[in-house]
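Asks: Start from the sequences and build out the full structure, keeping to the hints where you can.
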Amino acid sequence: MNIHVDYGYYSINHDGEEVCGDRTVVKRNEKQMIAVLADGMGSGVKANILSTMGSTILSSMLMGGAPLAEAVEVVVRTLPVCSERGMNYCTFSVVSIDEQGIARFAEFDNPQAWIIRNGQVVQPERVLRSVENKAIWVSDLPLIEGDLIVITSDGAVNAGMDNHFSFAWNWDSVARWLCERSGLFSSAQRVAVELVEAVNNLYGGKPTDDVTAMVLRIMPEEPVNIMYGPPEYPEDDGFMVHEFMEAEGAKVICGGTTSKIVARVMNSFVETMPETGSDGVPPIAFMPEAQLVTEGVLTITRTGDLLEKYYETRCFRELDGENGAAFLAKLLVEHCTSLRVFIGQARNPGYEDKDVPLDLNLKMKAIDRVCDILAKQGKPVEKYYY
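If you want the working numbering, it's the position in the sequence shown, counting the first as 1, plus 162.
Check each hint, because a few of them may be wrong.
[Said to hold, decoys possible] With beta-carbon atoms standing in for the labels, derived distance ranges:
1. Gln453 / Glu294: 47 to 55 angstroms
2. Met407 / Ser292: 52 to 60 angstroms
3. Ser292 / Tyr547: 51 to 59 angstroms
4. Gly400 / Glu359: 47 to 55 angstroms
5. Thr218 / Met407: 28 to 36 angstroms
[As the list claims (entries may be wrong)] Distance condition first, Cα-Cα at most 16 angstroms in a straight line; then the derived EDC-like pairs of lysine to aspartate or glutamate:
6. Lys368 / Glu496
7. Lys422 / Asp399
8. Lys471 / Asp482
Keep in mind that the hints were calculated from the coordinates and are not lab data. The beta-carbon is built from N, C-alpha and C at its ideal position, and this holds for glycine as well.
Replies: Here it is in structure tokens:
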């Protein structure tokens, strides 16, 4: 795709339920991105199963190239209708973004998507289509950098019926909230979390429906480059440093010896900041040529831990920590669209009397883990060895 889409989601369950009846699915390849939010009727396990079925069918068919009408038709025909209410057991919102940056929406009984551009709501022309006698709203919109797309389940706009205040909370309320606050957050995930927490507060912490927000943010390319360890042969120091420094994007140097090599080659300096060490993570350092300078294996290992936990829980608390691993993990989550890693294969002098293969193995495993986590999130990763 020629544009980068930052994606985030966050859910809270109906009060008293152990699973969420909403389901989000995002799939992407080089040509398109498909994002689906499905809302199973009611709450709990049954709703979860139905929303999982609906989102899986839609995302798989659309990613496989099926026309939107065909995918919607299959879902409508496959999922049952409640005999008591005469309603489908699963509602859904779909947004498809192609390589030219055209977003196509299909919405069935979910709240209309919010599209925020330059602090204002943009509402593309919607066309009503009938699929299996169901009303599906479809629309197209060319996206530009900075656009924010927010899709929610109906629990996000129903909080007004149960809030503890004297005002109603509805679609327009969410629109105002997004226009006023979305610019304060640096990632799609931050917007999703803050919006759902705001809704949860309206429910008094006891939501009477599942609440999910799925957020897509159109952002500029933000490559990150990490130099990790010195090269195997000292005569390659200058070559490795210059390739690293010439790469476009943010610069991160990991390793005390590595930072000294960069300082020597660049005729610069590196200054340790002792007060920045915390939670068992060594202190960071300052260097004019880099956005971040950290210790090596310990920090990279801890960064992997934080990334795994974040992508499992979507919680920012530890990502906002004041140490090198948290700083690096936050950079890779919020300000990284692609990653290049310049990996030196020199052995650590501190391990000369120990098991050197184990030293190199741990070093490589630590950075490979970080790279694998980001690759699974759809971020291109390149590795260069020296």
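Asks: Note whether the CB distance of Thr218 and Met407 lies within 28 to 36 angstroms or breaks it.
Replies: 45 angstroms, violated
Asks: If I claimed the Cβ atoms of Gly400 and Glu359 lie 47 to 55 angstroms apart, would that claim hold in this structure?
Replies: The hint (47 to 55 angstroms, Cβ to Cβ) holds, given that Gly400 and Glu359 are roughly 50 angstroms apart.
Asks: Okay, Met407 versus Ser292 on CB: inside 52 to 60 angstroms?
Replies: 59 angstroms, holds
Asks: Go ahead and decide if the range 47 to 55 angstroms is satisfied by the Cβ distance of Gln453 to Glu294.
Replies: 53 angstroms, holds
Asks: Starting from Lys471, check that the Cα of Asp482 is at most 16 angstroms away, please.
Replies: With Cα atoms ~13 angstroms apart, Lys471 and Asp482 stay inside 16 angstroms; holds.
Asks: Does the structure keep Lys422 and Asp399 at a Cα separation of 16 angstroms or less?
Replies: 11 angstroms, holds
Asks: Given the hint that Lys368 pairs with Glu496, test it: the Cα-Cα distance must not exceed 16 angstroms.
Replies: 30 angstroms, violated
Asks: Between Ser292 and Tyr547, is the Cβ distance one that fits in 51 to 59 angstroms?
Replies: Between Ser292 and Tyr547, where Cβ atoms are some 58 angstroms apart, the hint holds.
Going through the hint list in order, the structure does not satisfy hints 5, 6.
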